[in-house]
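Visitor: This is what each chain is made of:
6 protein chains.
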Amino acid sequence: MTKQNGIQQKLVGDTVESFMLIKSVKKGIASNGKPFLSLQLSDRTGEIDAKLWAVSPEDQESYQAGRVVFVNGDIQDFRGMRQLRIRSLRLSVSSDQVKPHDFMPSAPMAPEDMIEEVTQFIFELQNARIQRITRHLFKKHQKAFATAPAAVKNHHEYASGLLYHVVSMLRLGRELSALYPTLDTDLLYSGIILHDMAKVRELSGPLTPEYTVEGKLLGHIPLMITEIDEAAKELQIEGDEVLALQHMILTHHGKPEWGSPKPPMIREAEMLHMIDNIDARMNMLDRALETVPPGQFSERVFPLENRSFYKPDFQS
Amino acid sequence: MTKQNGIQQKLVGDTVESFMLIKSVKKGIASNGKPFLSLQLSDRTGEIDAKLWAVSPEDQESYQAGRVVFVNGDIQDFRGMRQLRIRSLRLSVSSDQVKPHDFMPSAPMAPEDMIEEVTQFIFELQNARIQRITRHLFKKHQKAFATAPAAVKNHHEYASGLLYHVVSMLRLGRELSALYPTLDTDLLYSGIILHDMAKVRELSGPLTPEYTVEGKLLGHIPLMITEIDEAAKELQIEGDEVLALQHMILTHHGKPEWGSPKPPMIREAEMLHMIDNIDARMNMLDRALETVPPGQFSERVFPLENRSFYKPDFQS
Amino acid sequence: MTKQNGIQQKLVGDTVESFMLIKSVKKGIASNGKPFLSLQLSDRTGEIDAKLWAVSPEDQESYQAGRVVFVNGDIQDFRGMRQLRIRSLRLSVSSDQVKPHDFMPSAPMAPEDMIEEVTQFIFELQNARIQRITRHLFKKHQKAFATAPAAVKNHHEYASGLLYHVVSMLRLGRELSALYPTLDTDLLYSGIILHDMAKVRELSGPLTPEYTVEGKLLGHIPLMITEIDEAAKELQIEGDEVLALQHMILTHHGKPEWGSPKPPMIREAEMLHMIDNIDARMNMLDRALETVPPGQFSERVFPLENRSFYKPDFQS
Amino acid sequence: MTKQNGIQQKLVGDTVESFMLIKSVKKGIASNGKPFLSLQLSDRTGEIDAKLWAVSPEDQESYQAGRVVFVNGDIQDFRGMRQLRIRSLRLSVSSDQVKPHDFMPSAPMAPEDMIEEVTQFIFELQNARIQRITRHLFKKHQKAFATAPAAVKNHHEYASGLLYHVVSMLRLGRELSALYPTLDTDLLYSGIILHDMAKVRELSGPLTPEYTVEGKLLGHIPLMITEIDEAAKELQIEGDEVLALQHMILTHHGKPEWGSPKPPMIREAEMLHMIDNIDARMNMLDRALETVPPGQFSERVFPLENRSFYKPDFQS
Amino acid sequence: MTKQNGIQQKLVGDTVESFMLIKSVKKGIASNGKPFLSLQLSDRTGEIDAKLWAVSPEDQESYQAGRVVFVNGDIQDFRGMRQLRIRSLRLSVSSDQVKPHDFMPSAPMAPEDMIEEVTQFIFELQNARIQRITRHLFKKHQKAFATAPAAVKNHHEYASGLLYHVVSMLRLGRELSALYPTLDTDLLYSGIILHDMAKVRELSGPLTPEYTVEGKLLGHIPLMITEIDEAAKELQIEGDEVLALQHMILTHHGKPEWGSPKPPMIREAEMLHMIDNIDARMNMLDRALETVPPGQFSERVFPLENRSFYKPDFQS
Amino acid sequence: MTKQNGIQQKLVGDTVESFMLIKSVKKGIASNGKPFLSLQLSDRTGEIDAKLWAVSPEDQESYQAGRVVFVNGDIQDFRGMRQLRIRSLRLSVSSDQVKPHDFMPSAPMAPEDMIEEVTQFIFELQNARIQRITRHLFKKHQKAFATAPAAVKNHHEYASGLLYHVVSMLRLGRELSALYPTLDTDLLYSGIILHDMAKVRELSGPLTPEYTVEGKLLGHIPLMITEIDEAAKELQIEGDEVLALQHMILTHHGKPEWGSPKPPMIREAEMLHMIDNIDARMNMLDRALETVPPGQFSERVFPLENRSFYKPDFQS
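Residue numbers (numbering that gives the first Met the number 0), protein chains in the order written: chain A, 0 to 315; chain B, 0 to 315; chain C, 0 to 315; chain D, 0 to 315; chain E, 0 to 315; chain F, 0 to 315.
Hints are computed from structural coordinates only; laboratory data are not their basis.
Be a bit skeptical, because a hint or two may be false.
Put simply, identical chains are the same to the list, so a pair is met inside one copy or across any two.
Only pairs whose alpha carbons sit at most 20 Å apart, straight line, appear in this in silico EDC-like list of lysine to aspartate or glutamate [what the hints assert, rightly or not]:
{"hint": "1", "residue 1": "9", "residue 2": "115"}
{"hint": "2", "residue 1": "254", "residue 2": "304"}
{"hint": "3", "residue 1": "98", "residue 2": "213"}
{"hint": "4", "residue 1": "254", "residue 2": "229"}
{"hint": "5", "residue 1": "139", "residue 2": "60"}
{"hint": "6", "residue 1": "98", "residue 2": "16"}
{"hint": "7", "residue 1": "139", "residue 2": "228"}
{"hint": "8", "residue 1": "139", "residue 2": "57"}
{"hint": "9", "residue 1": "139", "residue 2": "229"}
Quick caveat: nothing in here was measured; it's all calculated off a predicted structure.
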């Protein structure tokens, strides 16, 4: 991964002068009674919160999610988090030759390469029932899967983030299966590929992801269990393979309070949960520490139990 | 309900001399090294734990789950719970003219009357989509539903217990809807009828109920969500009705640690959870207090937070 | 209940132009260093938070709890909750012919009708000891009871809210006793009438309710237990009836962390807790969903575990 | 305290040959189907669990709580706890000249000396209202207080244990008030004297203490709050003193899950809770370590969070 | 302790016109987009939060931690806490003849007197190994110990606060050892002296205390265990004394969630934890109630479980 | 790993006729009053609980921990766990030519090969300070490390289990570092090698491991932190490397309630915790499922949250 230079790399005190995408907008009332906008701005490297004070009705009309703007401002510290103070702002115009898609944070691999890599793993599956179900569902959702984020925030919350998370987990699964040969790679790889697939239904598209109504009322776990049920019915597959795959989906969050009403009761389900955990945590850790100088602590990372991380002075 | 006179009504010190059904058997090794049997015996009124000491290989062969035996013994106290000490025991023979089915604890209403009552509620549903899904699923599982217990133990754990629980809840739902007119009776009644229906897949039959493999690995909540999904697909129904019914199933246990990964987010889902709770608790309370004399405490009731209940001396 | 049209029915974007009562006032310092007032305003239908920015010393003198004001403003969204932005404000004058009492949110039934209904339930009590204690205490506190709110906030937090809550619970108790005939209606009805009665001591009057010192240091549960003790002494009543009523008061919150140091250990105590719960929750749910359009989510409701509720698109 | 030599001082492997009191008896069924008795035996120094195997109906008739027996046996280890294995046993006869009272574990001070010491503290109270209430209640319950245990088990669970606990706490209160002069000794001493006084109602007498019905349904905290209420009414005392004393009773267990629905909100209430804690814990610790040799661990102490304690090898 | 008159004694509504020390500064962005400073100001009696609005770059340059300023302002209420609103502010100049040290909140005893008192306790230690280790470590850290605070905030968070806390605990330990003669005073006194000693490494100096890197990554408990290890190695001491002292350090927070991975398993370790708790709580309580009028409640005290405390009207 | 055939592979119903090592013995009293022995017996493949009933004083003298016996018996089910019922037993004699060491369960790799592999990893460390500390401590404890178990029970609780656990974790660490290149392999490998090293002090030797006194009072985490402190002092090394290694030791259990008073705050510390977790869990899972037939559930595994695991019918 070559060193990037975008919003994710900016430190407190740096200035910003570039095009960015408005990912979300919230209107607020300042404590002087004037309206302001809380914007989430992004470029390819990441996102940042920004405030635009004392906005006019025209401003509120102009600055909406999905538009590209040219921003002048500087990075400030707000309760230990970076925040962009906007000094000036304008909507991009056609002569700027910029498109929203160019400013979406996205995975460091091309979607088509990742699709190819997952497909390769599916080819390797030996158990015919598992392979047919996995292939069927991967094809069914492939298009949305290619660009879906893995989350609204926290980890892999960028375009193709879901696919990138799956690819990393598959690689991890391959190494772990070499070290622990009792693991059933058919079940493990299929579980990895399918575990979060229903996020394509739980979340709206990659540009400005939000929870859908079925996402809120049911969540991706029950949605995916019904997807597997439908696939099995359609392919006329029955047996423990269907049950085991549904169990892996049901239990991959590990605990009731994290959304899995049953704990893992199959070896590969236990491993799936751990692999998911490792990949998500390493992704967040790397982001948190990327711009921290040696001998310093990072910003607090909420989903990592709100910890702040230290980079020892002998690391770079 | 006329006063019953069976095993459920026996107190410590009473003697027992009657036919009973063996619901389950476990072999143990006494601390003198000799094998013994832990039996769960039942008649129509209820169940009791019993011990048969120093058994021969023939005894182990004879006394198996599902058989009817003639028992002589007396009720003793074991750590605050009633236990039957067996003095003598024999297998029933054909001339006894007894059948296992006669000794199964079962609901105080006839299954056919209850089926009729539920059917009546289904007729009353106004929303066509909800009615069609409910009717379809009730028909599909009606036969098993007629005899299924609501649980392996705790509450309504007898033949037709599930149906009896549903009928009580429907009546309760009708009264509550009269008092709180904002309740949508279509959604509430349908939710009551469907909420535990997949217990017919989670548990094996009424004679000696146990968890099935899919019951252990998935549980009745995910199983029922896929049942609704299939029904809707088959009946070509789409829309919020399907989603709302699935949400009611998903959330009817109320909390993640009780098996519902999402909390109720629809008015009728919140009410379904409370109705389920009231009916289960009243059922357990009534059983616990049935034979307690005024001015005394009951045995501890494990699923009621292991409490012991007091019957004031002015109650009978 | 006819459709109301007051502050409770206003949606984000609506304008307000009407008389309202100031229920409470807090002074704050805006982040520009200027004082502002956080007002809680009410009319008969409900309450709303409002902000008055950049206030003068005269404003602070004028706008005090208990006064009626004429307000011009509009409803805005503040972190998912409605908030009234005041554009102009003036104190009511005598020619306006408005009284504070007219702008207090209050129960949808007249206090005298509710007193009558409770009295009717007391007449029906069969157990003489329970009846005498209940009648004695109801008479003793009847005047305050007629107007007391059930809480400072959350549910039934309006004039006569306590009495309305009791009446609803009595009706619910009647229906449940019909469905579960083992319930002792004497104990249940008396427990319902007395359970929160000491809130007339825990909270100050209905206009601007606050916790009293004895409310903070002891709370309504121990206060009511001593009230029953005193009544029994005065009426020279002894026996399990006194103990059972005190136990019902002590345990009606259900759990230590909710304020009941003992769990319910009498059948009617368990039922009292569940009835209290149902009525409080239905009250809050109805308020939360009242103005939500079909297919939308409500504001978050803090005492309902901070959930947001969905109104399916087939409901109105 | 001179070194004692009784059952409390016996170690695993020691033999026992002495008169002891039967504090409680439970009948059990051994896993060979024969009845046995679980006895709790005591002498002045303490108690021990004992088993009598294969008992006859005559044995069950003879060996009842409250009788004195002559025991031959030896101390064995049972899951890390001492247990007395009885080799032979006989009821005491009149010629033995032993009385149950002589074998009750009891406080190391004479009750009359402790009554005298508490009375002295009451004389020192300056606040007339607090003094009158305290004196009134102490006189009312003095007789039962003189012999009551502080608990059924755990700490100070012997005759006059409650009084001894109070005396120790008063001494501790005196020293702490010298070190922290802001403490109000009137409130603190009175709170110490009254805090557990209603245990004379919660528990039956000292010989074989058990929970009473009002002890189980209400507990000593609500009972004592009503006692203070009655005393104040009778003495025509009103004001913050009554409220503060009731608050100290209500909160002295410190947390909801330990039985106090409100936390301490008065300085002396906070201190009362800590003094209670220290004295109870030191009492249990001293008992647990009394017979442990240097360099060894004690038995596990259940109410001290089931910990086992180490006596360093340089201690004796 | 003579009545003080400084910032700690100021009530809401009072004005302030005096020199104060800036203990810490944080820059913020007001919701009108302008920078402001959150200052923590102190004099000998205590600290207060203050806000300086709409600051210039020069202000930000001038007002830094460690400088003395002359402040004009008044005390306001902010969410139940006192806050100083600054009306004007200037840096002190040499002609003011004020030094930062004069405005540090500090213990009510002179450090040299406290050092003397601790030394006296060390002289009294009878166990030579314990005495040598204690003396060695006390000498090693004496200089920093003389001025160190016991915490960044909460209790004893002022200059010499750590030493004052130790002295109070030693006195308390002396009285408790008189009442509970089984306590080993050598172990207890040494444990008290050493228990928080490594706070001199965990926190930076008294003027503006902050956590050091080793304080954050290891904390004072592991740091002190290694200090004892080193001292024992250097003094060539081995045996249970070293182990017991390390155990006391390890366990003095009492529970895993409070920072002690093991619970106290030695009598004196259990007592150390309780003494630490009493002294810290009394210190916070006294501060919270100092300026509260009789019949009123204090501000909420966060480390005392966020409780507000009541001063009964008969106390002064 | 070739298929083994020993006690670990025996199923309920199998007979046993072989030499085994007595790992531990506890004397108990059966409920018929007769003494019995609870033995833990082992061979190379694993352990099993066994009961010897009605033992004579000679038996108690003969059958002690550390001796080899010839056993005749059969495997029974006791509450879902395998138990060996002994039919006959004799001590081994010299002519049997068996040694205790041959019957110790032990790691599937030779200790010398594992020492060699760890040494290789130490050679690869680039950071000189980390390498010197690691090498120093590995040499210091190498002898005990070669045979130490990783625990008294649960996972890797056999001879050389600690070393085997470290080797597996190092291999896992190598693969993860390849997938997540930001990981500092120096810190990670050193943390893996050192993390549990002080278990050689926490537990007694491999034959019959028990907790030592310092193991109970301090535990391996604080012991290892002082070991690193001593090593650094001896090697005159200072700096963040020492602190980072101590932090990794302190935090490797992840949470306070699992024994780490601080959470991981360095990237490699977080990873160390996850690697430790994976290897321990896979080790327990493999053991639990080894003898389970396809389509069946395993025994419950207490340290895996008491779960029972299912082997799908398509796995072998």
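Visitor: Now tell me, hint by hint, if it's right for this structure.
Guide: Here's how the hints hold up against the structure:
1. 9 x 115: Cα proximity of residue 9 and residue 115: none, with 34 Å in one copy and 46 Å across.
2. 254 x 304: Both: 16 Å inside a copy, 11 Å across copies.
3. 98 x 213: So residue 98 and residue 213 fail the 20 Å test inside a copy (30 Å) and across (48 Å) alike.
4. 254 x 229: neither (26 Å within a copy, 28 Å between copies)
5. 139 x 60: neither (38 Å within a copy, 54 Å between copies)
6. 98 x 16: within (17 Å within a copy, 45 Å between copies)
7. 139 x 228: Both ways: residue 139 and residue 228 sit 14 Å apart in one copy and 18 Å across, limit 20 Å.
8. 139 x 57: neither (43 Å within a copy, 59 Å between copies)
9. 139 x 229: For residue 139 and residue 229, the Cα distance is within 20 Å both inside one copy (12 Å) and across copies (18 Å).
Checked against the numbered hints given earlier, the structure breaks hints 1, 3, 4, 5 and 8 and satisfies all the rest.
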